[in-house]
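Student: Taken in sequence, the protein lines are chains V and X.
Mapped onto our numbering, the consecutive letters of the first sequence carry residue numbers 1 to 563.
Mapped onto our numbering, the consecutive letters of the second sequence carry residue numbers 1001 to 1563.
Hints are not guaranteed to be accurate.
Stated by the list, open to error - Some, not all, of what chain X presents toward chain V, calculated at C-beta under 10 Å:
| no. | residue |
| --- | --- |
| 1 | A1013 |
| 2 | F1074 |
| 3 | V1108 |
| 4 | E1534 |
No wet-lab data here; the hints were simulated from the structure.
Even glycine gets a Cβ: it sits at the ideal position worked out from N, Cα and C.
Read off the chains here:
Protein chains: 2
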Amino acid sequence: MTTNRIVIIGGVACGPKAAARARRRDPSADITIIERGDLLSYAGCGMPYYIQGQVETMDELMMTPAGALRDEAFFKGVKAINVMSRTLAERIDRERKVVEVVSLETAVRHEVPYDKLVLATGADAAVPPCSGVDLKGIFRLNHPYDAEGIRKAISDGCKEAVIVGAGLIGVEVAEALASQGLRVTMIEMLSTVVPAVLDPELAVHLQRHLESKGVTVLTDTQVICFESDDRGAVREVVTDKGKVTAQLVLVSIGVKPNVKLAKDAGLELGETGGIKVNEYLQTSDPSIYAGGDCVENVHLITGKPVYAPMGSTANKHGRVIGDNITGGNTRFEGILGTVVFKAFEFNVGKVGLSENDCKKHGIPCITVLVPGPDCAHYYPTSKPVIMKMVVHAENGRLLGVQALGRGEVAKRIDVAATAITFGIDARDVSDLDLAYAPPYSTAVDIIQHAANVIDNKLSGLAKSCTPQELKSRLDAGDDFVLLDVRMPGEVEEQPFRENRVVHIPLGKLRERMDDLPRDKDIVVFCKTSMRAWEAQRILEGEGFTRVRFLDGGLAAWPYGTSW
Amino acid sequence: MTTNRIVIIGGVACGPKAAARARRRDPSADITIIERGDLLSYAGCGMPYYIQGQVETMDELMMTPAGALRDEAFFKGVKAINVMSRTLAERIDRERKVVEVVSLETAVRHEVPYDKLVLATGADAAVPPCSGVDLKGIFRLNHPYDAEGIRKAISDGCKEAVIVGAGLIGVEVAEALASQGLRVTMIEMLSTVVPAVLDPELAVHLQRHLESKGVTVLTDTQVICFESDDRGAVREVVTDKGKVTAQLVLVSIGVKPNVKLAKDAGLELGETGGIKVNEYLQTSDPSIYAGGDCVENVHLITGKPVYAPMGSTANKHGRVIGDNITGGNTRFEGILGTVVFKAFEFNVGKVGLSENDCKKHGIPCITVLVPGPDCAHYYPTSKPVIMKMVVHAENGRLLGVQALGRGEVAKRIDVAATAITFGIDARDVSDLDLAYAPPYSTAVDIIQHAANVIDNKLSGLAKSCTPQELKSRLDAGDDFVLLDVRMPGEVEEQPFRENRVVHIPLGKLRERMDDLPRDKDIVVFCKTSMRAWEAQRILEGEGFTRVRFLDGGLAAWPYGTSW
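Excised from the complex, chain V in its bound form (with noise of 0.2 Å):
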């Protein structure tokens, strides 16, 4: 038997995890990872907690958790990995299988041989088309000498940020760098805060959170340019709505994956500008794979391909790759565009399709929105939720769920992804046998409430209306009554002000039920829409026909309540 050549380029991620399945697999593979930088195996996805000092050093974003740091040596040693570092690989011959590559130090150049190619050559940060980008005190997140750079120009005295792009990585920049006392402005183009994440209502709940920390929000804001001080330093940001100091900018737009080898070697790329891979991440050609930020994926819902870069979908692809070239058949079925991010003290999730992501697939959906606590409402630790859920309108399939708050969320986030990966009925949700106790969640956790709500819609009981119709209703000056079903002592504490609500706290409700109009519009709201829910059975059981809950109730209305 030949000895099976293996070359992977790439040394991040998907490469080194490739490397290593491969050779625990296969004792007698020779195995040789190309990389173009000087450190492997680092935890890109650590680098805003670096920024943020509460992980102190870089090293420790480079070590296994036994403490070993994850140089060739560690390669060599351990694995018996070859490692060419500071090494380009410049050509792909898939004729001959080979890599022509080019040491960065020498400059010396040569062939290195393959079976089986691994490419895990990543992605970098995509650069707005501006003047001034390559500025002084211009970063991106790409590299851990980005974070180091960003951490020096802090320590060198920086006072004002700006971020361009309101993403996941610069929600969390901006808490690294507005928690050391820098005064932060988040720039972005479109109307809301994380946009590929949040559905609008939810994401001002997040962009409130932000503004409370002290982060400058403007959104529907375009960068036009940035402009230096006299030594070449960024002093300004200019934008279409105006200029907005700053000594340090993190670009952080999004992020593009680097196909130039692949394309250059006249593999297929995919729609979505990632290398195509088919489900045993095999590229067009059968001796080449690619994982991690250089290819798309399949979403699982849609069965499209999405290009949506994450560190641990990258080490999924590693050990699938690593079985496909070792003589294994892995599949890698796709992703469910999972997220999770802190953003200060909020916690955000996303999982699936958002409504908005519905709107752009044509799937018809229903939604719903609860507030709620995360755990037992009487236990000391209790921190409220606000969760969207995301469902078929016609099957009832989950597709999606959103949620954020002070409250736990990557818990909800990660029971739906389980179940929307297996095709499950939202209303099957409700009878999961989840872990409860006190400290942990309610006895009814917040996202069988959600899929109660859900059947509930779906049987017809329930009639809601979003926060986003009432208030166009609001703006519209349509004559409907808002009936407020909560205590007096909670009106009095956070009070709506609008001059089509009437007060009738639940408990009143039946004796006082002829206040109401037959004839017009009501739209129920209190709290968390539990008790308005409760108030349009009643009203309907009295004939009513005309009442709808406000969906979320006033925990989750993110318009304020002065009219």
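Given chain V, work out where chain X should sit, using these hints.
Tutor: Then chain X, alone, in the frame of chain V:
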């Protein structure tokens, strides 16, 4: 149409839920709840936290999240549900469809007619057949008044407490008492704590944690009787191993379903002792439904009846019954015996079958034991967890997960609960698109890491030895090599003192292979078993055939490291 007369016996969890759900579906139904006590809809699971003082007043356990007290007036005014509290349901006349009740206030008897009857009669604490069990100072934790009694005993100055039964309620109360300065002794008849929840090698870790918090744990110990002082209060607990002084005793050896009414009425009981119900939660009389702690459930994996009372299940039952007594057709498929609880700084959880459960049911299983951080190891809040995964040996189906430690546990249990419910192959857990960011998880979450190890075992790549097996070989004085592949600093910090140990750091293994015998069994270990598994593969690559790694490494090793 005649009015649907619904009568519900039991006003705590399932009963009020069924009533509220029925009301929302059928505004015209006549709904009555009969409750022997004077408290309604209280959160029984919160009682340990009331005892601990984290929940200040009992009222908090009886209020809605919006702060309304769920009393008779609340049910009447808000929900138009009649509540007859302090009323005992004495007999069901199924022929005439009436419940004979007696007021515990006035002793007046009368009959309540029904079209649909719901039994939500709950459970009572089991009591050991020991003399003195009714002495002053001996409590069960069945009712808020019990919790108030315990809290009063503490404020009256009790200093020594005994908890009979180391189940999860026992552990929760141990924390509640010890954290207030009481000397706590737990007495457990079986050989490990929480034997229904954890396999022995995990239970030992929990026991150590309890002991580190000052709790004395006596396993394999049987209570014989309770002795009183001259005022009739408990003074000593007499066991088969000696006496323990106590002024406060909690008996928590489990609960028994309250089935007397059902049994007297000739309704079928199940083999577990709970009321037997079908998937619509209907008893053997189609007009009578039952749910909550008085019924048995179907276990979703074994398909067999199981008695596993839980507040979360009771709520689900209530909703299903509320549907079905108002013309619905909702099924409740069953449970997984999911539990989670807090024990001082440990989080502990289980879902599905343990290895012990599999043995009882004759299900062939393979297991893995993996320690790991609950989030990125470099993130400051990262804490360790130990997870055990149990998988069907023949078809790879995920059967169960147990986990414990200072790190997050409930999320992983809930993911497993979702996966198990839908009969998923453990290997499919590896590719779930779970939410990843450094504050919440590792790029390969511990549950996916466990699934990967299962994959390696099922495919024959990974060969391991359980801690129990290694211990018995050490105890038996077998001749084999224990290969420690940790780094020298780690060995110094936590040496494994055993004369079979050969120390070769993983990085040196390839060059020092000749130091190892090829004709002996080799058990490799490291801290977490990641490197030990790597070593197994390296040695096998060089022709060694008798190598296995220690499941879970030293991090999960429960037996001490001196021999």
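Student: All the hints need checking, so say for each whether the structure fits it.
Tutor: Hint check results:
no.	hint	verdict
1	A1013	holds (7 Å)
2	F1074	holds (7 Å)
3	V1108	violated (28 Å)
4	E1534	holds (7 Å)
This entry does not satisfy hint 3, going by the numbered hints stated previously; all others are met.
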